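Chains A and B supply the protein sequences, listed in that same order. Residues in the first sequence are numbered from 3 upward in steps of one, following our numbering. Residues in the second sequence are numbered from 10 upward in steps of one, following our numbering.
Do not rely on the hints blindly, as some may be mistaken.
What the hints assert, rightly or not - If you only want the chain B side, here are some residues facing chain A, beta carbon under 10 angstroms, derived:
(1) P101
(2) V116
(3) E227
Because the hints were derived from the structure by calculation, they are not lab data. On a predicted model such as this, the values are computed, not experimentally measured, just so you know. The C-beta atom is built at its ideal place from N, Cα and C for all residues, glycine as well.
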Amino acid sequence: MQKKINGLLFLVLGTGFCYFFYVLLSHDYQWDKIYPYRWNLLRGWGTTITISAFALVLSSLIGALLVIGQLGKSRPTRILSQLYVELIRSTPLLVQILIIYYMIAHAAGLQSEWLVGVLVLSLFSGAYLSEIFRGGIQSIPKSQIESARSIGLTGIQIYRFVIIPQAIRRILPAVTGQFANLIKDSSLLYVIGLREFMMQAKEVNAMTYATFESYIPLAIGYLILTLPLSLLSRHLEKRFHYEH
Amino acid sequence: MNIELRQINKRYGNTHALRELDLSISDPVNVLVLIGPSGGGKSTLMRLLGGLESPDGRELFFDQKKLIQNESALLSHRRQNGYLFQSYNLFPHLSAIENVELPLVRVHGKTPSEARNLAEIALAQFQLEKHAHKHPAQLSGGQQQRVAIARALAIKPKLLLLDEPTSALDPEMTAEVLSVIEELTRSGQQIILSTHEMGFARAVAEQVVFLSEGSIIEQGPPAALFDQAQNAQVKSFFSKVMRY
Ligand SMILES: Nc1ncnc2c1ncn2[C@@H]1O[C@H](COP(=O)(O)OP(=O)(O)OP(=O)(O)O)[C@@H](O)[C@H]1O
Ligand SMILES: [Mg+2]
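Start from the sequences, fold in the hints, and give me the full structure.
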């Protein structure tokens with residue numbers, strides 16, 4: 003049975019890949035068409051990187067605050083944090099971008115697409131990160147907390163010296179994965195006119211009608227950013243697996 | 010040791026883990042051993058004595074002083090005493106020596122170099138020097154328990170509470186840990202131990218308490234209790250556990 007499935011899978015995937023490469027390779031490439039716009043693409047790539055970098059830091063902060071709210075003692079804060087996380091996780095990012103940009107940011111007089119971009123991405127990714135953080139903290143067995151209590155650590159010390167150091171090791175793979183998601187998700191920010199990587203590629207395509215030549219660099223550009231993160235995430239996962 | 014409990018109750022939901030328990034231990038007894046059937050309340054009593062939990066009634070006396078049942082009084086109580094659970098005492102993200110150092114530095118205000126010294130001495134006392142820099146996952150169960158004992162002793166505890174410290178170990182490791190404990194009992198260290206190892210209980214105890222269904226059924230010096238138990242339940246318990 004397993005063998006049959008493997009065979010079938012190999013056939014389907016193999017054919018898919020062959021067709022994919024056939025299409026890619028049989029295309030008559032005209033790189034000179036997009037060559038004049040190479041700096042547009044690179045600038046877009048740079049914007050994607052800076053936006054992602056800022057959002058990465060800000061979303062970690064938001065995630066940390068949310069998890070403190072969710073696990074904290076104050077009931078209203080707990081409910082609000084949970085509500086926030088559920089709202090973000092149950093609506094599409096695209097909808098959030100549009101609502102925040104056209105309704106909230108405009109009402110608040112915030113005109114910079116760049117700033118709104120960073121903000122939306124951080125708010126979105128922060129909710130997911132807080133869930134990862136929460137899972138990590140709650141995965142630490144009760145016996146560790148008991149042991150920490152028995153040696154006389156205070157509540158905050160227990161978090162600082164026992165729970166968080168162990169939780170970080172456990173969540174690192176998931177967090178790197180989420181960072182890769184964040185980079186990919188930033189490609190949606192073109193809808194508010196932010197001149198990031200995706201937007202630049204679309205524009206180059208519109209001006210040159212060279213679809214392949216515009217979008218292949220786009221895919222490669224994202225891969226260069228996300229592939230190392232995915233590999234790192236896999237590596238960390240394996241290492242954690244062996245440690246236990 | 011000087012301990013007095015008056016009419017202590019402890020309920021977990023519908024389970025009445027300790028019922029109207031009275032216990033009075035005074036000098037020169039230094040080694041108190043708790044025995045009795047599983048679920049009898051040994052761990053519960055140890056947790057109250059260790060300040061890990063509060064009784065429903067509030068009458069616990071150590072050296073004629075009432076143990077106030079608020080978090081800060083319990084915290085300082087826990088800080089003076091050592092506690093050992095059945096297993097998972099150590100923090101897996103720290104090496105053996107770091108485990109011993111943590112309470113010295115974070116709870117008892119030692120400088121890192123003082124702590125290193127004390128930790129080295131404590132580990133050497135149990136022939137653990139070679140393993141000082143290993144993590145718990147790289148140690149056998151018996152070695153882990155010995156490191157945990159070293160950690161508990163490094164702070165010079167007034168009272169050492171050992172809750173079935175060998176029940177998760179195989180016979181060889183059990184022997185290795187019991188011999189360490191036996192040595193401690195001869196050093197004048199105050200110890201309260203719960204165990205299912207009847208031979209060992211008899212050998213080291215200065216006073217034995219038989220707990221069943223949350224009450225003390227019988228109490229006395231080991232020879233009297235083991236050889237001339239008055240209570241029928243205690244006699245039948247011994248005849249069962251001594252059969253093999
Ligand atoms: N946290 C808890 N929640 C609910 N019930 C509990 C809890 N801790 C203990 N109990 C119950 O209290 C009773 C006494 O348990 P305790 O662990 O003190 O027994 P014990 O004598 O240590 O048993 P053993 O020899 O198996 O360790 C048991 O019926 C147990 O199920
Ligand atoms: Mg027990």
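Against the structure, the hints come out as follows:
1. P101: Holds. Min distance 7 angstroms.
2. V116: Since the shortest Cβ distance to chain A is 4 angstroms, the answer is holds.
3. E227: violated (29 angstroms)
This entry does not satisfy hint 3, going by the numbered hints stated previously; all others are met.
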